[in-house]
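> Here's the letter readout for the chains.
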Amino acid sequence: MWQQVELALSQSAHRVLVKLASFLPGLLALLLAVIILAAIGAGVAVLLRRTLTAAKFDERLARNATAVISDWSPANSPTALIARVAFWGCILIGCFIGISAFDAAYPGDSPISNFIIPYLTHSIGAVLLLIAGTVIARFLERSVLIGAVNAKLQYARILSLGIKWLVLVLTAAMVLDHLQIGGAVVELAFGILFGGIVLTLALAVGLGSRDIVSRSLERSADLRSTLDPIPGDPDYKPATPAETLRHF
Amino acid sequence: MASTQTNVDLTSAPATSASGLLVSLVPLPQEAFDATLSNLALAFPDQTVLVATPDAVPQSSSGSPLRFLPYTLTAVSATPWVLTAADYLNTYKLARENNATACVLLGAEAQSLHPEAIRALARSALESDLTLAHYDLGPREGLVNSAIFYPVTRALYSTRPRFPLAIDISLSIRMAERLATTAQRFTAAGQNDGLLWPLSEAASANFSVAEVSIGTRTLPQPAVPDLNALLAHIASSFFADVDAKASFWQRARGTQPAQSLTQTATIAERPDIASMLDAFRLAYTNLHEIWSLVLPPNSLLGLKKLSVMSPDTFRMPDNLWTRIVYDFILAFRLRTINRGHLLGALTPLYLAWVASHLTLISNGTAPEKHIQDLAVAFETDKPYLVSRWRWPDRFNP
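Chains as they are written, first to last, in the numbering used here: chain R, 1 to 248; chain G, 1 to 397.
Quick caveat, the hints were computed from the structure, so don't treat them as lab data. Just so it is clear, the structure is predicted and the values come from calculations on it, not from any experiment. Built from N, CA and C at the ideal position, the CB exists for glycine as well. Hints are not guaranteed to be accurate.
Some chain G residues close to chain R (C-beta under 10 Å, calculated; not the full set) [what the hints assert, rightly or not]:
hint: 1; residue: Leu69
hint: 2; residue: Asp136
hint: 3; residue: Asp243
hint: 4; residue: Ala244
hint: 5; residue: Ser275
hint: 6; residue: Ala283
hint: 7; residue: Arg335
hint: 8; residue: Thr347
hint: 9; residue: Tyr350
hint: 10; residue: Val386
Please take these sequences and the hints and turn them into a complete structure.
As structure tokens, then:
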């Protein structure tokens with residue numbers, strides 16, 4: 001009996017050691033790939049930064065007035081944006097190479113190969129989705145807020161927050177779906193939340209615009225009753241000062 | 001100082017020989033085109049003048065001083081109320097092909113220009129590299145120019161002309177060439193409607209600059225009067241130009257002598273500034289977070305005080321507006337936030353300045369005096385911009 005127990009224990013210990021021995025080189029390969037590609041990425045970024053600075057890339061871009069790239073570079077110059085993209089691109093490639101190397105260390109039918117590796121790849125995709133979603137949410141929030149304020153909408157803040165949370169909820173749902181977490185519960189929760197936000201926005205905008213719509217209708221009615229009075233007409237009123245304001 | 005300025009008197013001696021003069025016209029309606037040609041014929045009665053026009057050319061009589069150079073528009077301009085890169089490039093090409101020595105560009109609504117004004121522009125082109133028109137505007141006109149373009153250009157480039165984006169200008173051939181070179185960068189990128197800032201170009205090239213008072217003129221207005229989009233479009237171009245010429249204006253020194261004030265009329269009745277104040281207060285409530293990324297605490301405090309002022313006493317101090325504009329130029333350069341957002345956030349502040357300006361002039365202050373005082377405030381505060389441009393991370397209360 002004890003012999004069988006000992007045998008079973010030694011066999012499981014052996015299996016653990018074998019698994020560990022085959023796991024460590026894969027992990028080492030992954031880390032090495034990421035580190036080497038990060039170093040290459042840093043080198044490429046420095047090289048790009050120096051080359052573009054020497055070529056006065058920012059000034060040329062500004063002169064040519066192609067503002068698309070420069071608009072999207074957050075707090076630095078387009079040169080910095082390109083260098084950063086190159087650096088993180090290299091790290092991403094390193095991750096993919098590392099994962100492939102990690103995957104190659106296992107036979108095709110092992111659980112790690114079948115489950116963990118694809119999940120790891122999905123996790124990277126999910127992180128990218130999360131970053132992109134957050135950036136887009138912030139961008140849209142500010143765009144809507146500024147646009148709504150300039151359009152003199154009293155509910156500008158609610159509208160911008162609504163847009164921000166719509167995008168964030170959509171991103172969260174996409175991330176969870178990408179990671180295959182939650183299944184139908186996430187879809188249901190997303191539907192309820194998304195619908196709820198849209199309904200809230202519709203109510204807020206609808207109620208907030210009630211006065212505007214009434215005023216607009218009243219104006220239309222007034223206009224119909226006094227159509228285009230001409231100078232000399234008793235109803236004629238000269239242009240108000242606000243109407244003659246010329247900004248350009 | 002980078003350039004010299006002269007004011008050309010309309011009442012002085014008749015025009016010198018205008019041989020080799022090219023007058024470039026933008027597309028005009030038939031009636032306006034005919035009136036402009038009549039004015040040109042009156043302006044140059046005994047000289048041959050080349051007239052470049054995209055419109056259908058009439059049969060010229062044998063005694064007419066006008067020789068037409070028809071050209072074909074490559075694209076219809078989306079901003080026909082200002083001179084664009086395509087206009088400058090086209091004018092230079094025609095001038096070079098026809099051996100013209102000077103060019104006069106007349107913007108839209110050119111039929112409202114007096115023949116003497118056109119003649120004065122042409123005469124000035126023989127003496128100065130760049131001549132800009134000076135318009136007599138009402139107190140409620142050209143407000144963006146008065147609030148931003150004029151004071152900033154005067155402070156940064158030490159130049160005097162009142163309308164940096166004038167639509168009637170005359171150029172020497174070397175100035176036309178320089179502008180065409182700049183314009184080509186825009187047209188090569190497919191941006192025929194790109195805006196050029198001739199005054200800063202002339203100042204940075206050390207070319208001579210003059211200003212001609214042409215009196216009243218019908219100024220063309222944008223087809224779509226969307227202030228937010230227009231202000232963002234033009235201010236973006238202006239700030240980008242300031243950024244591109246930073247190496248020049250950081251060295252430019254000196255202030256301009258006081259300009260003789262033109263007698264623009266004051267406002268008799270109280271202006272309606274309620275909607276502008278509402279827009280500013282709404283923005284103060286909602287955009288405070290975005291402004292705080294761009295403006296230092298001192299300016300934010302100034303805006304807070306403004307937000308609670310009553311309409312009767314609403315007054316934005318000149319130094320506050322100066323700091324706001326300079327900080328927005330800096331934020332544009334540093335890309336503190338997305339440039340579209342930045343320029344969108346400027347609109348309510350500009351409306352607050354307009355409300356303040358209208359309130360001030362309705363209380364008896366001459367409009368032009370306020371504009372000149374503002375320009376002096378920009379000149380006085382220029383070291384702040386230069387300092388923050390060079391050391392943007394330095395502590396700024």
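> State for each hint whether it applies.
Okay, the hints, checked on the actual structure:
Violation of the interface hint for Leu69/G is found here, the shortest Cβ-Cβ separation to chain R being roughly 29 Å, above the 10 Å cut-off. Residue-level restraint check for Asp136/G is violated (minimum Cβ-Cβ distance to chain R is 14 Å; threshold 10 Å). With its C-beta approaching chain R no nearer than about 6 Å, Asp243/G sits inside the 10 Å limit, and its interface hint holds. The beta carbon of Ala244/G comes within 6 Å of a beta carbon in chain R, closer than 10 Å, and the hint placing it at the interface holds.
The criterion of a C-beta within 10 Å of any C-beta in chain R is met by Ser275/G, whose closest approach is roughly 7 Å, and the hint holds. With 10 Å as the threshold, the beta carbon of Ala283/G comes within range of chain R, its nearest partner Cβ sitting at about 5 Å, so the hint holds. At a threshold of 10 Å, the smallest CB-CB gap from Arg335/G to chain R is about 6 Å, leaving the interface hint in force. Hint on Thr347/G holds. Least Cβ distance to chain R is approximately 5 Å, under the 10 Å limit.
A cut of 10 Å between beta carbons decides the hint on Tyr350/G: the least distance to chain R is about 8 Å, and the hint holds. Checking Val386/G against chain R by beta carbon gives a least distance of about 19 Å; that is not within 10 Å, so the hint is violated.
Of the numbered hints listed earlier, those contradicted by the structure are 1, 2 and 10.
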